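Construct the entire structure; sequences and hints are all you get.
Protein chains: 2
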Amino acid sequence: MTRPPRRARAVDVAAHAGVSVATVSFVVNGKAEGRVSPATRLRVLDAIAALGYVTDASARALATGRRRQVALLAHDMTNPFTAQVAAGAAAGIAEATEGTGHLLLLLGSDETGPDVEPVGAATVDGVLINYPGTLPAGRPDLPVVHLDDPAAGGHQVSMDVEVGARELARHLAGLGHRRVLYLGTPRPWSTFAQRRDAFAAELAAVAPGAVVLDDRCDIDLAAGVQLAGEHAQRWLADGVTAVVAATDLQAIGVLAGLAAAGVQVPGRLSVAAFDDIPFAAVSAPPLTTVALPARELGRRGAVLLAGVIAGDRTEPGDPVVLPARLVVRDSTGPAC
Amino acid sequence: MTRPPRRARAVDVAAHAGVSVATVSFVVNGKAEGRVSPATRLRVLDAIAALGYVTDASARALATGRRRQVALLAHDMTNPFTAQVAAGAAAGIAEATEGTGHLLLLLGSDETGPDVEPVGAATVDGVLINYPGTLPAGRPDLPVVHLDDPAAGGHQVSMDVEVGARELARHLAGLGHRRVLYLGTPRPWSTFAQRRDAFAAELAAVAPGAVVLDDRCDIDLAAGVQLAGEHAQRWLADGVTAVVAATDLQAIGVLAGLAAAGVQVPGRLSVAAFDDIPFAAVSAPPLTTVALPARELGRRGAVLLAGVIAGDRTEPGDPVVLPARLVVRDSTGPAC
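If you read the protein sequences in the order shown, they are chains P and S.
Oh and the first sequence: position 90 is 90 in the UniProt record's numbering, straight run, nothing missing.
Oh and the second sequence: position 219 is 219 in the UniProt record's numbering, straight run, nothing missing.
Since the hints were derived computationally from the structure, they do not count as laboratory data.
Please read these numbers as outputs of a predicted model, since none were measured by experiment.
You may find that some hints are simply not true.
[Claimed, not checked] Per the computed footprint, the stretches of chain S lying under chain P, defined by three or more beta-carbons under 8 Å from a beta-carbon of chain P, are:
no.: 1; segment: 197–210
no.: 2; segment: 255–269
no.: 3; segment: 278–290
By construction, the Cβ of each residue, glycine as well, lies at the ideal position given by its N, Cα and C atoms.
Okay, structure coming up:
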């Protein structure tokens, strides 16, 4: 790439147009009205064009090659829900920047969460956070949008998991289930607490005396397989007739573990979950689940973040809450 | 990394060689022809080598910490194989840069492939390409590593899909299968051609007279479900006893479609594929598949790219080929 020996600055524009730097500043910042005559304003604009002076902050950063990108901090890209969030966020960034922006990916491990350190040094304009955590010190100015973490505060896009959880509770209560195992996760994420609490509250409301037992495992196919293999007989001995998992990944693992243990679904146990990843439709049996719009979560988050970066929104407004709905398939049936 | 107190600059090279800075510039920018005598050009190149002057724009940016990121061009992050490649690439970049580098994500749609335009403007040091395509014009200098695209040439990391395909052919031949439907993809990707051709060649070698029929569908659960739903009866009428899909995603869809159509697997039809994504182990029945190391593909690609960027490797060496192996599960059985 060829490059001019020196990039034009406001002082060059001022000299070229025969005005003060303050006048240039008024013009480029849209404050010429009442301060700069139309003729002078035209002269400044001509000078800007002649010298190739870049005025817009984002365009300036792009021109100097410093930014025009946001980071996505996420836990695990091999989780299909997260992958959909990332795909949506990449689409949202492209949409908001007319194809000139891109998504930077920061991933964590099971133990540590994403490595947020790079954000301190990285040349990003903002951050999408899809795990429970905060930015490292030193960048309090960096625009942030939290995804699916309603307790995070600040700018956020979340999903109405409570509406979905209550719908699922009514569905299972209507099938006669009164003893439900709720399979949570070890991750201290507000969305997971919200799912469980709304489910338990609604079940208690529509089926007084119903009991929710709690267990937990990693958000992982293998963890679900292992848990079901080890605990299925105890669940049945405890009178449990339905298992609700916090995520499809756990539930699909549980289905495989129950199949291996010879436990019929939904004959002996009903199984349901949250997310509706594409695999939920082809599990055996196909999974009843609360559909959460992962891709739209990422897309809307990216568009909101672009607005925050552009200065369109400085104070957090009402959080964006995307709808959730129950999808009933074959993994839930009458309590035995 | 230790660093000399001051990095050599063009002016140092000029002084060392006894020429002007303009002459150095002509040489390093490939414009010496007709301007600089061969003897002078050699003297400049000697000075460059002696002073460790870094001429490559990418390496210079990396060393001065202005970029420190690479792009991954991929088709679809919601494909679990691609997501694993991305997770591996992020880990590889972190490894190669001691945690200071990051991965930039560029995704394509079904129709268009990744939007490669941003790479022209983006501040990346190099690109990992996990789809069949080339970079946009204007960046011929950008280091590139191709992943899983053996026909791409240049720096690349691939997997021994041929060994896996032949192992699968022998497995099915040993079970008595002589009429196999091979389910390819519409994507013109050399890895897919290699899988199909190696499978067909080995089947013909070990089971003379065996027939491979061809069909294709998108790499997508829903496409597999639909294809199996529409074609299963025709496959059976044609005497097909096994279906081999180019990817697990297609095969898991086919399994769901066959279940919905009441076709027993492996009783009436055996089903096998390539990839071994985590869902292959929990499909119904669990899927026989050629395990391909997606995560390691991304990781090794990123480490190789870092080496190319650092200038450790300028000419492509032997391609890195990672091992593949057949994982036999319950979806394949004796031909009926």
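Verification of the hints:
Coverage of the segment 197–210 of chain S by chain P is violated [criterion: at least 3 residues with CB-CB distance below 8 Å; count 0]. With 3 residues bearing a CB less than 8 Å from a CB of chain P, the segment 255–269 of chain S meets the requirement of three and the coverage assertion stands. Judged by the Cβ-Cβ criterion of 8 Å, the segment 278–290 of chain S is covered by chain P as claimed, because 7 of its residues qualify and three suffice.
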